[in-house]
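Engineer: The chain contents come next:
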Amino acid sequence: MAFAAFGSSTPTTKGQTKSGRVVLALLLPGLIYLVLFFVIPLVSLVLTSLEAPAASGRIGEYVPGFDFGNYAYVVTKYWPQIARSFGFAFIATIIALLISYPLAYFIGVKARPWPMLQRMLVTLVIAPFFISFLLRTIAWKQLLADHSPIIEWAHQVGFLSPSQSFIGSNAAVVFGLVYNFIPFMTLPLYTSLERLDTRYLEAGSDLYASPSKVFRKITLPLSMPGIISGTLLTFIPIAGDYVNASRDFLGSSNTSMIGTMVDADFLQNRNYPAASAMSVVLMGIILILVTWYVRKSGTEDLL
Amino acid sequence: MAGELSVAGADLELIDVRKDFPGFTALDDMDLHIPAGQFFALLGPSGCGKTTTLRIVAGLETPTQGRVLIGGKDITDTKPHDRPVNTVFQSYALFPHMTILENVAFGLRQRKVEDPLAKAQAGLDLVELGHIGARRPQQLSGGQQQRVALARALVNRPSLLLLDEPLGALDLKLRRQMQIELKAIQMEVGLTFLHVTHDQEEAMDMADTVAVMNKGRIEQMGSPEALYDRPKTAFVSRFLGQSNLFVGKVSEENPNSVSIEVGGAKITVDKKRAEKHTGTVAIGVRPEKATFHEEKPNLGADHVLIGPGEIIDIRFTGVSNQYLIEIPNIGEITVFAQNVGKSPVVELGAKVWVSWKVEHSFGLRDLPDGTEDLG
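Sequence lines, in order, name chains A and B.
Residues in the first sequence are numbered consecutively from 1, following full-length UniProt numbering.
Residues in the second sequence are numbered consecutively from 1, following full-length UniProt numbering.
Everything labelled a hint here was simulated from the structure, so no lab data went into it.
Worth double-checking, as some hints may not be accurate.
Below are the PhoX-like pairs computed for lysine-lysine, each with C-alpha atoms no more than 25 Å apart in a straight line [said to hold, decoys possible]:
#, chain 1, residue 1, chain 2, residue 2
1, A, K213, B, K79
2, B, K289, B, K271
3, A, K110, B, K79
4, B, K249, B, K271
5, A, K213, B, K119
6, B, K266, B, K296
7, A, K213, B, K112
One side only, chain A facing chain B, incomplete, derived with CB under 10 Å [claimed, not checked]:
#, residue
8, D197
9, Y200
10, A203
11, G204
12, S205
13, S210
14, I218
15, L222
16, M224
Where is the CB? At the ideal position from N, CA and C, for every residue including glycine.
Generate the whole structure from the sequences, applying the supplied hints.
Structural biologist: What follows is the structure, given as structure tokens:
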């Protein structure tokens, strides 16, 4: 009702069929892509997750069916991995946010008078992507290996007890996750803070708000869209990540996540229904969490 | 200091304030005193330093040197949120993520004033927008946003209210209406208002005292009437209304008047209305104070008479006609004649004499840009 005053121009019917065809033609490539590479694989995934072992009993042979036992099997067998995945994703997202926000604020707000510096810093944030993340993660494995200078030093100062390794620990996996996904947090935060109108901040301090109050009451709510997209863009891929937690990289058998188990079931155990059921479970949990999160943070209020 | 609601305005004092930005000086040794309860306007073209002055008072800018005192208290080093000052920003800067009522209650909440929402509602009622408290700033028109910004500042009862071109974004009709409302509110609440504007009519219309600023300095300060009647510099004479200026060497000086010689004519000013009595002097007269004659009139020493010249342009503006008259060796003179049916009917090219009463002349302290000192 309040919007009635703004009105909305009703498009004329003349020429609508023609523009309708143009719209369809423009949408078609995207639709085909989605159907081919999203809808069909998704259906196939769900069907596979319900398959039953073949009568032959040979490993890796399954027949179509409605075996919901696959779900019961993965949830009971892999619940520690499921819990760990979301626990790691939660902690890593929070750490990434805490590191990224001040950085993004500096680049997006404080560095405004120096556009050259701004561009340089944004490039630095993206720079790690120029090298394959597998290589970078392997490099961290070397840097944080048992007799590396960093770990020797940590032993000396007492961060690690003697004979304790860092690689293979939960902390190492979380470290790797934060490191690998932090640009996905920094960039949306930067874009949102870069557009922040500092006149609101001046108005806040003019209205008796101390700098910390200005941050909590004005800066933070106004950068909420960036925080939401940043946390989603880090949380979702981290929950499904299988590289950092794997034994070949920064993890050990005690740090395996959902992705690690999907990888193992699919490529080693050749238990395709279990791997598929696991993927569907992962997808389902993420979907529920994201829906709840977006609802709760009330994005519709944010401009 | 900011914890208490002030009952009345406080006075503002700027002592020797200077502000340097990389490459230029925005404010040059500014001294200013605004008595409590006054409606004070800082008037000047863009880039004259008026907004910088306002931001220094609000604490959003730190002066390079000098002190700022409010109610006798030195607040130069006080943070903006601890100053008993509120600002109505040019952009309004209403928080887009809050409702109108929450916007108005913001300052009250920060100072932990009791019952902020009721007081905010009263503030909205004062600007006649009590019914839109639940809306968001984006849903309001420019005029409504302006009034909300005013209410958001006023509810805090600051000792000093700063207005940074608050009417700049409004159309003419709404601006006139808001000028009247602002003035009425100021009289009602009795706070000290410091209003920054480039609109000379707005400044003259609303302010008790106007300070005309140019290039980081105050050129002249006084009541609107005094400034208009007796501008002391060429800049003020032209920024505030229009002026005809004549530059010449002093040819005659007696205890009551000073005269200069321009293109063979004698232009006289009362000595008490002249800033400078020797050397090269600029004397001016307002276009509406001058009249023209088709026949050479016989006037006494209490009038200035120049001419004959030729009418080279006539403009009809509704309430008056504007005539541009070119007088050989003197230059172009503008004369306004009211459309009351009494002024002579003349046509382009007519030969006329121009006269005005000596008491309407004013003598300037400086010379207009582009004129040379004649020694």
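Engineer: Decide, hint by hint, whether the structure agrees.
Structural biologist: Here is how each hint holds up against the structure:
As the CA atoms of A:K213 and B:K79 are separated by approximately 14 Å, the hinted pair is consistent with the 25 Å bound. At roughly 19 Å between alpha-carbon atoms, B:K289 and B:K271 fall within 25 Å of each other, so this suggested pair holds. Distance hint between A:K110 and B:K79 is fulfilled; the C-alpha atoms sit about 19 Å from each other, no more than 25 Å. Proximity of B:K249 to B:K271 is assessed by CA-CA distance (about 15 Å); at most 25 Å being required, the pair is judged to hold.
Restraint check for A:K213 and B:K119: the C-alpha separation of about 21 Å stays at or below 25 Å, so the hint holds. Under the criterion of a C-alpha separation no larger than 25 Å, the hint pairing B:K266 with B:K296 is consistent with the structure, at around 15 Å. Only pairs whose Cα atoms come within 25 Å are accepted, and A:K213 paired with B:K112 is accepted, the gap being roughly 13 Å. The closest approach between the C-beta of A:D197 and any C-beta of chain B is roughly 8 Å, which is under the 10 Å cut-off, so the hint is satisfied.
The beta carbon of A:Y200 comes within 6 Å of a beta carbon in chain B, closer than 10 Å, and the hint placing it at the interface holds. Here the hint on A:A203 is kept, as its CB sits about 4 Å from the closest CB of chain B, short of 10 Å. Because the beta carbon of A:G204 sits about 7 Å from the nearest beta carbon in chain B, less than 10 Å, this interface hint is met. Restraint check, A:S205 versus chain B: the minimum CB separation of about 4 Å is within 10 Å; hint holds.
This hint holds: A:S210 has a C-beta 5 Å from the nearest C-beta of chain B, less than the 10 Å allowed. Proximity of A:I218 to chain B holds as hinted, the smallest CB-CB distance being about 6 Å (cut-off 10 Å). The interface hint given for A:L222 is met, as the beta carbon of that residue sits about 6 Å from the closest beta carbon of chain B, less than 10 Å. The closest approach between the C-beta of A:M224 and any C-beta of chain B is roughly 8 Å, which is under the 10 Å cut-off, so the hint is satisfied.
Checked against the numbered hints listed earlier, the structure breaks none of them; every hint is satisfied.
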